[in-house]
Each structure stands twice: as C-alpha cells, then as structure tokens.
Amino acid sequence: MSRTTMMIDTGLPTGLFTDVIASHGELVGLVKFGWGTALVTRELHRKIAVLREAGIGFYFGGTLFEWYLVQDRVDDYLALVERTGATHVEVSNGTIPLDQQGKAEWVRRMSRYRPVLAEVGYKDAERSARLSPADWAGAIREDLDAGAELVITETRESGRSGMATPDGHLRDDVLRAVLARIDAGRLLFEAPTKDLQVELIRALGPDVNLGNIAPADLVGVETLRRGLRGDTLLQLTPVAVPA
Amino acid sequence: MSRTTMMIDTGLPTGLFTDVIASHGELVGLVKFGWGTALVTRELHRKIAVLREAGIGFYFGGTLFEWYLVQDRVDDYLALVERTGATHVEVSNGTIPLDQQGKAEWVRRMSRYRPVLAEVGYKDAERSARLSPADWAGAIREDLDAGAELVITETRESGRSGMATPDGHLRDDVLRAVLARIDAGRLLFEAPTKDLQVELIRALGPDVNLGNIAPADLVGVETLRRGLRGDTLLQLTPVAVPA
Amino acid sequence: MSRTTMMIDTGLPTGLFTDVIASHGELVGLVKFGWGTALVTRELHRKIAVLREAGIGFYFGGTLFEWYLVQDRVDDYLALVERTGATHVEVSNGTIPLDQQGKAEWVRRMSRYRPVLAEVGYKDAERSARLSPADWAGAIREDLDAGAELVITETRESGRSGMATPDGHLRDDVLRAVLARIDAGRLLFEAPTKDLQVELIRALGPDVNLGNIAPADLVGVETLRRGLRGDTLLQLTPVAVPA
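Protein chains in written order, with UniProt numbering: chain W, 1 to 243; chain C, 1 to 243; chain G, 1 to 243.
Check each hint, because a few of them may be wrong.
Just so you know, same-sequence chains aren't split out, so a pair can sit in one copy or run between any two.
Subject to a maximum C-alpha distance of 16 Å in a straight line, what follows is the list of computed EDC-like cross-link-like pairs (lysine to aspartate or glutamate) [stated by the list, open to error]: (1) Lys194 <-> Asp124; (2) Lys194 <-> Asp75; (3) Lys194 <-> Asp76; (4) Lys194 <-> Glu157; (5) Lys194 <-> Glu105.
Honestly, the hints are just simulated from the structure, not real lab data.
Isolated chain W, as found in the complex (with noise of 0.2 Å):
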C-alpha cells in the first residue's frame, strides 16, 4: 500500500461525493469518513455503493472510535463496522484520556476485526507539542509491533498541531527520529495543507503516502507528485536544456 493518498470526507452531498469518486476515483487509495461524520450522514450506505463500485477501501475517523470506547460501546461500533463493510479500523486516542500502552492493546484488539490503522499524536496542539521525538518514534514502534498495518501521524484538519508546528510546517526533529526506526511505507502521513503536502514530497519523495487530503485537493496533490506544480517541478522533474 505504497503512494496512498486518503481522502477525507467531513460531510459532501452524495451527489457530489459519487462525482468525485466517478471523476477522481483513481487517484484514491482509501476514504476516511471524518471523526463521527458517519452517524450524521443520512445517505452513508449510498457512498458506501460507490465506493465499493469503485474498489475504494473506507473507514471511520479515529474519533468515532474514541467516542464509542468511551461510553463503553466498543461492541456497537464493532456492529457498525461489519453491518457497513468498512474495511479498515482507525485506533487513535487522539481525545480521549488514554495512554499509548492502553492504545496499542486496543490495536492488538481490533486487528482481530481488520486491518488497523493506528494514529500517533493528539489534536490538543499543546499535549502534542510535549510529545518529543523519541515519543513519537517509540509510540509507533509499538503500534506497529502490536500489529497496525499503517500509523497515522496526526496533524489534525488544519494542518497545525500533531506532526505539525503551530505555523503549519513539519516538525524535522520528528521527521527525522521517525524514519531513523521506521519503514516509511508503513506510514501515512496527515496532510491537509498544500505546505505539508510540498514538504513531505520533497523529504519523502513522490510516494509518501499522504492522508486527510480534502476531495479538492485530489487532483493537486498528485500534480505535486508528478511535479506538475511549481513547488516540485524543479525537484522531480528531469531537466533536459541549459537554464
């Protein structure tokens, strides 16, 4: 599952969701519904059909699964993953109060059910902010040992907190103690903003898998892939006359 691009869904009409996906769909490796969207989302099992048309892979934002756990509910949500065929899990404690041991027993769980994805990182800038390097690259470490197929590196939807600094770029130190223990292509990396995206293309290469990119954004961000945008154009394309 290398070069994935995640879309995320916060709530399109179906209308316009079935025209992305019929327009755009190539460019997709998997659909996220946002946090707790699906619940609110009359038509879901429509989406859903189109997706499963296209042979698109979807699952349910990390915080739907928090929310339920919460509550003590995890069995209802296993109930709405198999009633709805979503065929990936998100397992993140991004919200709510539990540790990474606690976090990585929960994807010990659910990889029972299906694959995981696992989320480092919480949407509290200032908790994440504490979160040093060797935090980060240990907390993956584990998730991956506890048997995710991928880890999510938060930056949250705007791009600004997670793997992100506060004025929307890359956190290096982070970048760099990550890949120095971890395969980049178990990773998949939130970026929702145009500069996280051109960031982690140059540092990662053009099959960085990027996650939470908006439905919009789908046909830029694989511009920048090919380097068919001037933020990678020099970078990835091959130069055949004297400047």
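Once you've looked at the hints, dock chains C and G against the given chain W.
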C-alpha cells in the same frame, strides 16, 4: 425556533445547491442568500423551488436590504420579497450610515410584512470594536422590542469582526453582557469558523442557534452539536468507562 | 476583452464543473486549467466540450508551459494545445530559470500559434519581492511589445506573493508604476482572495480584469463589481437618500 442552523449560500451552482438540500436538508433550519448574491443568481427560482419543497425558510442578506434602502428603493425590495416568497426579512445597518434607532424603526416597519431578523454589529472591524458590551446588549434589546423575531450577531464571513475578535475568537465580555439581558433562544450567532462554533457550543450548549454556516460545514456543525468531534466529545458525551 | 473574469479550475470533478458553467457561465470570460492539472484530469475532453458549447475560451496554466519547456518538449506542448483546441497560451517564467528577455522571446514565438497571455512575477515570494516597481512595468511593457494579448500579474493561488505582499495586500507602488505606463485593459490581475478583489475594484473600477477566481467565488466577485456587497456598496451605489 431553537437549535436553528442557518446555512449561507454565497453562490453555489444550482445542481450543488440541490444536492446539499437533498443530502443534508434536515440539518438546515434557514437559508440566507448572502448579501446581494440573489440579484446575480440566474436560477434563483430553481433554488427557491428546492427550498419550498423541503419546507425550509429563506431570506436575503441584510446587505441587500441596505442596498435598496440607501437608494430609497425599499418598495422594490418588498416587491422582490413578495415575488420570491422569501419567508423572512433581514434588517441591518452593517454597511450604510444608519444609526441603531433608525434601524429599530425599520425593524418595526418591515415586521408588518415578514418576520424580521435584525442584525447587530458592523462589517467594519474597528467600528464594531467600538461597540461596548452594554451597546451590544442595548441594541439587541431595542431590536427585539421593535418586533424582531431573532437578532443576529454579526461576525462577517471571516469570523473576525463584529462579535468576534480580530484573531477569530468570541468577545466574551460582549457575550456575558448580552446573555445577562437576553434569552439565548432569541439570538442567532453568526459562526462561520469552527473556532466560533466550538466556543459557542461550549458556552451555550448544543442547541445554540448558529448562522453563516457554509454548506460544506453542515455535517461538521451537527457533529459538534452531538459531541461526535474531538472538540466537544468530552464535554457532551456521557463517559461510561474509567479512563 | 474588458471586465474579464478568469476562473481557475484546480481539479473540480466533471459534474461540478459542468454545474458551475451551466449556472454561472455568463460570469466567466476565460477558464484556466491551473498549472499542470490538465495532465491528470481523465475527463478533460468533457470539460472542454462544456466550455466549447458555452463559448468560453480556455488555456493551461503557465507552469505547464514551463514544465514542457524545461524538458525541451515545446513541440509536445503545442501538440496538446492543438489537440485540445485551447484558445490561448500562457507563457511564464514563474518557476524555471528563464530570464525576462528569454520569456519575451517565447511570447513572440508562441503568438504565432495562439493569442498569448504572458505572466510577470515569480512564484517564489522573495524573488518576486526583489522586482522593483520599474522592473514590473518594464517587463509588462516588453511582453506586450513581444505580442502578448494580455499580461497577467502573478499573485499565486494564495494571494500572498508576486504583486501581493506577504500579508495579502496589493503592492501599491507596483500598481502605480505599472498603470503609469500600461492601459489597465491589457492587464489581467490574479486576485484569488476577497481582499485583493476588493482592493483592485476600488482602485481600478468594476471593469478591472480579474484572474484566478475560484469557481465558488464567481458570484461573489460579480457582487463586488456591482456594489452588492458591503465592501464596495458605498463606493459603487448611487445614494438617493440622505444618510
């Protein structure tokens, strides 16, 4: 009219507008055709037909009222309201030189024709900032006494003026002063950004009336109201397990 | 070609693109398929058919020209223009190392094939900032003399470089120097943000040519041109009543 979500249409194409109402119409309490967009929307009649079928009320932005008023053409405005079947009228003085007393007089006059949504606050950030908490509360009280059904608190589409600070947060002092005198059910808070939506739901609960919600944010706002997003999950969700 | 609004398509799905043109096509003078997006748009032919039927011209972003040029493949670029029926060609040096004189030479060459839109300004903010007002005016003059039909002033999609300052406002000194030498009707100002749209309409009047307008902003820009939004209402509306 509590827990009203007012969606702003800033110029959606007709197909997408129809798609939004078909998919998420049950989340929409009122639609505002923002400022004077109605006059440059060729297929306004089709949008209106969609709303009528869904049983959703609609009105034109206060700026359109001001545009007619400043040209001494209020009769033309009323003819437009009549012709289109707008269910409400917004009366504001956000742009034109019309003082609070003059606006309240227009609230009184217009409420002969339609339920009036009166707006308090100016589009100009500095002018709004000069309104003291007592000014805000007094103006709202005056508009309600003049017959307004609801009073809208201005923050612009950017969420950075009116009742919001230049960095996009609620003016707490204003909010406190207003709530000391006015029932929150008579207020419709413009909350175009997630920050403002979160702050208002945290301060006033999930049933607060929210306005200037973008079509793309309808589902997101509903998840905030239900504690299905990280920002309000721990505040609004009954916790069943020890953390 | 005055009062031209150039809409940028950064990768709309096909259905939405069709919807935008059907609903608001009369507001669109030209469509630019931004940077190299055309090469990753599977259904480009369907979008082009929509534009042809509506009688709207279109072209590919200057970055695509640069991408071909830097690979010494301008013939392939011309073949693409021919095959798709693009009505214009953009010639720019926003990303690749090509000096003003070299660019003007390409303006001359490409205008044998299509009317040329030449672009002045660099994507890199610092590089653009080093262009003096006289540099801007001189480069625009040179491109027009080389045969460009219009000259586009770069501000990027963010509206924060090129002829815009890093905080998103117009560079007044540049604007003054340019207008002293060039007729505004020969300029197409990139104005992707409302701030820039408002500043340009206030400075140059409602008929200023505006570019990089997002599909979602077409109606909004038209209301600014007609004084139907707070930002330009008092400037552009004949006031009939004493305030």
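So which of those numbered hints doesn't the model satisfy? 2, 3, 5
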